[in-house]
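> Spelled out, the chains give:
Protein chains: 2
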Amino acid sequence: MAKAPQNAISPTRAEDFPEWYQQVVRAADLAENSEVRGCMVIKPWGYGLWERIQRQLDAMFKETGHKNAYFPLLIPVSYLEKEATHVEGFATECAVVTHHRLELKDGKMVPSGELTEPYVIRPTSETIIGAAFARWVQSWRDLPLLINQWANVMRWEMRPRLFLRTAEFLWQEGHTAHETPEEAMAETKLMHGVYERFLRDHLAIPAIPGEKTEAERFPGALNTFTVEAMVQDRKAIQAGTSHFLGQNFSKAANIEFESREERREFAWTTSWGVSTRLIGTLIMAHGDDDGVILPPRVAPTQVVILPVTPKPETRDAVIAACRELAAQLRGQSFHGEPVLVEVDERDLGGGVKNWEWIKKGVPVRLEIGPRDLESGNVALARRDRGPKEKEFLPMADAVRSIVATLQSIHDTLLERASAFREANTVEVDSMDALKAFFASETGGGFALAHWAGSAGDEDALAKELKITVRCIPNDPALRGGPGPCIGTGQPAEGRVVFAKAY
Amino acid sequence: MAKAPQNAISPTRAEDFPEWYQQVVRAADLAENSEVRGCMVIKPWGYGLWERIQRQLDAMFKETGHKNAYFPLLIPVSYLEKEATHVEGFATECAVVTHHRLELKDGKMVPSGELTEPYVIRPTSETIIGAAFARWVQSWRDLPLLINQWANVMRWEMRPRLFLRTAEFLWQEGHTAHETPEEAMAETKLMHGVYERFLRDHLAIPAIPGEKTEAERFPGALNTFTVEAMVQDRKAIQAGTSHFLGQNFSKAANIEFESREERREFAWTTSWGVSTRLIGTLIMAHGDDDGVILPPRVAPTQVVILPVTPKPETRDAVIAACRELAAQLRGQSFHGEPVLVEVDERDLGGGVKNWEWIKKGVPVRLEIGPRDLESGNVALARRDRGPKEKEFLPMADAVRSIVATLQSIHDTLLERASAFREANTVEVDSMDALKAFFASETGGGFALAHWAGSAGDEDALAKELKITVRCIPNDPALRGGPGPCIGTGQPAEGRVVFAKAY
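Protein chains in written order, with the numbering used here: chain D, 1 to 502; chain S, 1 to 502.
Excised from the complex, chain D in its bound form (with noise of 0.2 angstroms):
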């Protein structure tokens, strides 16, 4: 067998964090690019995580009032229409259905059956579900309408990256109306402290939650809230958002009920959504030279257990032993679920099982071998340490242990991103300093500073710095007091973070 190389992944993130990035993706089997331009192919492991993931979040969303349902796919190109800043934004790179049949001409299918009106394949909801919540919401009594759906939706794409930014990807979208803009803001702040609820103690992800400025807003909202998390080379990556509508959508769908006082008005709506993008951003928040680091409690296998069988005669024994260890740990609850653990019995070399789950991120790996039969003992490895550091204790130690361990692996990853965030985020308070910062080909990160600009002098920067404004953060500790601005010398009321992003 091949000599264990000292690193499983090549380039290391510090030779090239792009191209670790794909080799990550790839070692651990999570997707694939498929022969459709810009779409991926989420495999079962990559899927697995993303089923751990929806379920939790799903949860979350209706301990908090809401219910799912579904939406047509296509959208009427006549609705993108109606709202004028959503359409700027959406329209551009959709795909369009223009026909509802092949013939064969020639030897070849080509499409037949012109629609009279063409269709895109959702870009977003706001629309159709707009058009649905219009005949929904009659009078006061119909609200709030706390709707949720799960689905996938297609941005043509021009540079497609796995998880990050493909044509087609998978997301939720919680839509909802309100009497009043007061319920209607306290909705989407409610659901902006769930994604950074979420993303912290579920993907150990220490994300800044704030508010967007309008250059960054969602086309058609009135403000917009995002959680910014840091990645590994310090660019900032938009992990979930939150929008106020306002009226617009109401107004363009015309839903419109009966208030208390008997009057016609329109309902204040929000929308707010998370997406397959969580898999790239916990794959560059937590990942190492050896590959993916899965947060414990999203890892579709927590323990996997690895038979070491180096002689026929004591195969079997072996393996009852791994078994019987599998059952005691599935009997532990971690967060309130039996453990999930898997045996790998394939008859393959021990060390290439190894490495393969260590590629694919399970968070603990226990080795059971013909001597550990008689002392009692496992060998536990644990992801968030080196692939060679091992622990040697009683099984039962193992079991009674196995989620105080998956916590403390949580904790160190969730310690590692902040410690991380922290020591690439520093205050500037000068243009040059701004520039400085992330003109360093080392350096970059999250500078806070004073800004006062306008989306336009934001626009600037982007093309000068390649870097944009990621949020007005909420933590007051982060925001600070009222300085001038780095950009115009107008007085600021605190600081915002600047970032390249994702």
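Simulated from the structure, these hints should not be mistaken for lab results.
Because the structure is a prediction, the values reported are computed rather than measured.
It cannot be assumed that every hint is accurate.
Stated by the list, open to error - Using 27 angstroms as the maximum straight-line C-alpha spacing, the simulated BS3-like pairs for lysine-lysine come out as follows:
#1 K67/S - K62/D
#2 K108/S - K251/D
#3 K353/D - K82/S
#4 K251/S - K105/D
#5 K108/S - K82/D
#6 K82/D - K105/S
#7 K67/D - K353/S
#8 K251/D - K105/S
#9 K189/S - K105/S
#10 K105/D - K82/S
#11 K108/D - K82/S
#12 K251/S - K108/D
#13 K62/D - K62/S
#14 K62/D - K353/S
#15 K67/D - K62/S
Please arrange chain S on chain D, whose structure you already have, making use of the hints.
Showing chain S alone in chain D's frame:
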């Protein structure tokens, strides 16, 4: 308040079954038509039902070794052309994507950015998944490959009907690849059995499992197995199919592997699926003239508690008692899950609320009023009984017996549907008898007859009598012994099921 009507649904099943169906779907708030031709909106109550179906089936798929994955929504037209029979079956009516952009032209958004090769929105995914399998399968060690996908699919339907036939629908599609034809056939039959069991044990529907004749086979399959349910207008509905695809699709997609004998061989593949059509099936199988009756295992709410609050001064105490009862009921486990309970605290008339839940088909309704607080009693109504039939029993007994009550409702639904099917199934031994059976206005149903006709003979029957061979039943009791074909007089091995079908 209006007096409760004799029946909540008008027309009744006897008066006009198709219109009854539409009214039941509307009254239960399950789904509605959208402005997008043939596409439905699945409303929260309908989607909740689908989520339950999905979760329970998903567990059965995972228990049988399958993993979920996700494949592109769009299929290059050239892929469809690879399997000749398949393209004939599916390419005719499907949504075609021809452009990837919209542009403003003379004040209107028009398609632009024409694609060099058009795509269709998947009507089914054999071809696109086959392309992935060809990459994934190299050696016999990669087999079996056991994959399932939960997805939306689209077939351009000209006469859409909610849940039964819609342009877009939700489904699961299993796709597997195997070393040998025997293994692939065993897989096909395994999933055929899973569907039969799911229908019986989860949906309380006694479907007839059997094999399709050539005329009704999936385009491209060598064998198609089906579970055929009878609904209350005595028609058949194909509720789930499993296909043995032989090497047709593996040859088309080039799914080749090195065998144990070190030869290049094409894999043997299967596919199998059920869809949101299951919801239409259960509505028509179990509904009565007051609306839908949900099988307890898939009901999004299994027990609704209705506080009766005639006087403001006792309202709080009644509500408190209802919540306490709900908590106790949730502590009971029905098929491994907490009983799903909702307290309807809305300020509406008790009659209005009661009828709403009847129409929504919730299995058990519990009423608590001020007098019950003293007596400790509760009024229990079962959806499988008359709307006014109530049983008064101590709250503790209601809690203790809830699981048995839910199971008893399931059993009643299954028995009723079985009795109905048996009462409307006949053996016929001549073409005249077959015609007479389907000619009668009040008759029809399942006719068991010997058959050795060709696909052409079946087409002729379909044209003349609007009946088809639903399946060659697995059950020897239905199949019977050999006999002369009622069409051709040729010897037939056994009987097949003839019926009108959805």
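> Would you pick out the hints that fail for this structure and give their numbers low to high?
3 and 9
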